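Each chain, written out:
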Amino acid sequence: AQKVTQAQTEISVVEKEDVTLDCVYETRDTTYYLFWYKQPPSGELVFLIRRNSFDEQNEISGRYSWNFQKSTSSFNFTITASQVVDSAVYFCALSEEEKLTFGTGTRLTIIP
Amino acid sequence: EAGVVQSPRYKIIEKKQPVAFWCNPISGHNTLYWYLQNLGQGPELLIRYENEEAVDDSQLPKDRFSAERLKGVDSTLKIQPAELGDSAVYLCASSLGRTSGEADTQYFGPGTRLTVL
Chain C
1 AQKVTQAQTE ISVVEKEDVT LDCVYETRDT TYYLFWYKQP PSGELVFLIR RNSFDEQNEI
61 SGRYSWNFQK STSSFNFTIT ASQVVDSAVY FCALSEEEKL TFGTGTRLTI IP
Chain G
113 EAGVVQSPRY KIIEKKQPVA FWCNPISGHN TLYWYLQNLG QGPELLIRYE NEEAVDDSQL
173 PKDRFSAERL KGVDSTLKIQ PAELGDSAVY LCASSLGRTS GEADTQYFGP GTRLTVL
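Going down the list, the sequences are from chains C and G.
Residue numbers for the first sequence follow our numbering, so the first one is 1 and each next one is one higher.
Residue numbers for the second sequence follow our numbering, so the first one is 113 and each next one is one higher.
Simulated from the structure, these hints should not be mistaken for lab results.
Small disclaimer: the values here were computed from a predicted structure and weren't measured.
Sample of chain G residues facing chain C (criterion: CB under 10 angstroms; computed from the structure): (1) Gly-115; (2) Gln-149; (3) Gly-154.
The beta carbon of each residue, even a glycine, is placed where N, CA and C say it ideally should be.
Same shape as in the complex, but just chain G (with noise of 0.2 angstroms):
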């Protein structure tokens, strides 16, 4: 079973700029979140999708990254403009969704590493 695919793998641009970052999580996965990981730091959430909906954006610098989720399926993470501080890695994960009340496992992908000159 393929796990939650990430792309592109590396991107490098000047401040600024925009940047998008995609994810396709695994399939059957009903809720997908974005995480930002700081150098030396654990994932922080960004926000989480259930299916289309944003049900906790509450960390999203909502002035520069904006996210969609149109079919329930396929993830896109924006930034526009990019700032010398958003270099870092942006991981999606997906997870079934909660069941029977127990909380969901989060499986991740490799992670797009962004550098902003």
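For reference, chain C alone in the conformation it holds in the complex (with noise of 0.2 angstroms):
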């Protein structure tokens, strides 16, 4: 069965710092995709990022990146510069023969 374990449950940081969120996955299968999304207090979730298993390359949008590294089954997403729209809880999710599992989420406070 696919697990995605994120233990950051809260991290706070003061504006401008960057911040790294942590995400650890399990699966049997070969072939399987990685999500992050955001969901601000309005609640909907925002999908952020798609990543498949064959694609081990790092990727940066803006203040965001990602590090993907199969060896240890992390999907790792770090903010940098932080901003207080930041401040959201961020699900990581693994998809495997179609069905999505997320993590319980890490809440990110960016404090002004």
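Once you've looked at the hints, go ahead and assemble the two chains, each given alone in its own frame, into the complex.
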């Protein structure tokens, strides 16, 4: 069975600091997809990124970057120069055979 | 382009009452999902539709929950009767439909927050 672990329940950082959110997954499949979603206080889950298991290249999008390492089954998310608008709950998710399994989320608070 | 629309946003009912949630997916999305999100947890799948067909309802508590997607577009999720433990956020998501063996990206609506008193 697939499993996603986000060990950091809550993180608080001062604005402009960098922060990394950890995600560790378990799967027996060789083909799978990993996702990150952001859930602001409004409640809607906002899609951030999708990565397939064959693409281990790190990705950067503005202040966001993702580090995918199959050797450690991790897919970590870094926000550079954090801003107050980044405050939200962030979910990592694993897709295997059309089923999406979410972690329990990390609540990120950016302190002005 | 409009996102996934859900209504109502909030619902408060007394236990044993029925309740229904409505979802309109992104135009052109064939796959529709209903998720349950408890406080402090990630969403958990209740049911997945491919067009009109419920292809995965293994996690739907069928004694009190039902869902339909009659014309392959809008969907309704119903609980009858509601219990105290049903208080949660009910999320709807949609996706294009699996192509070329790749996993779909699911796009979520704002959810309906249900409180059962």
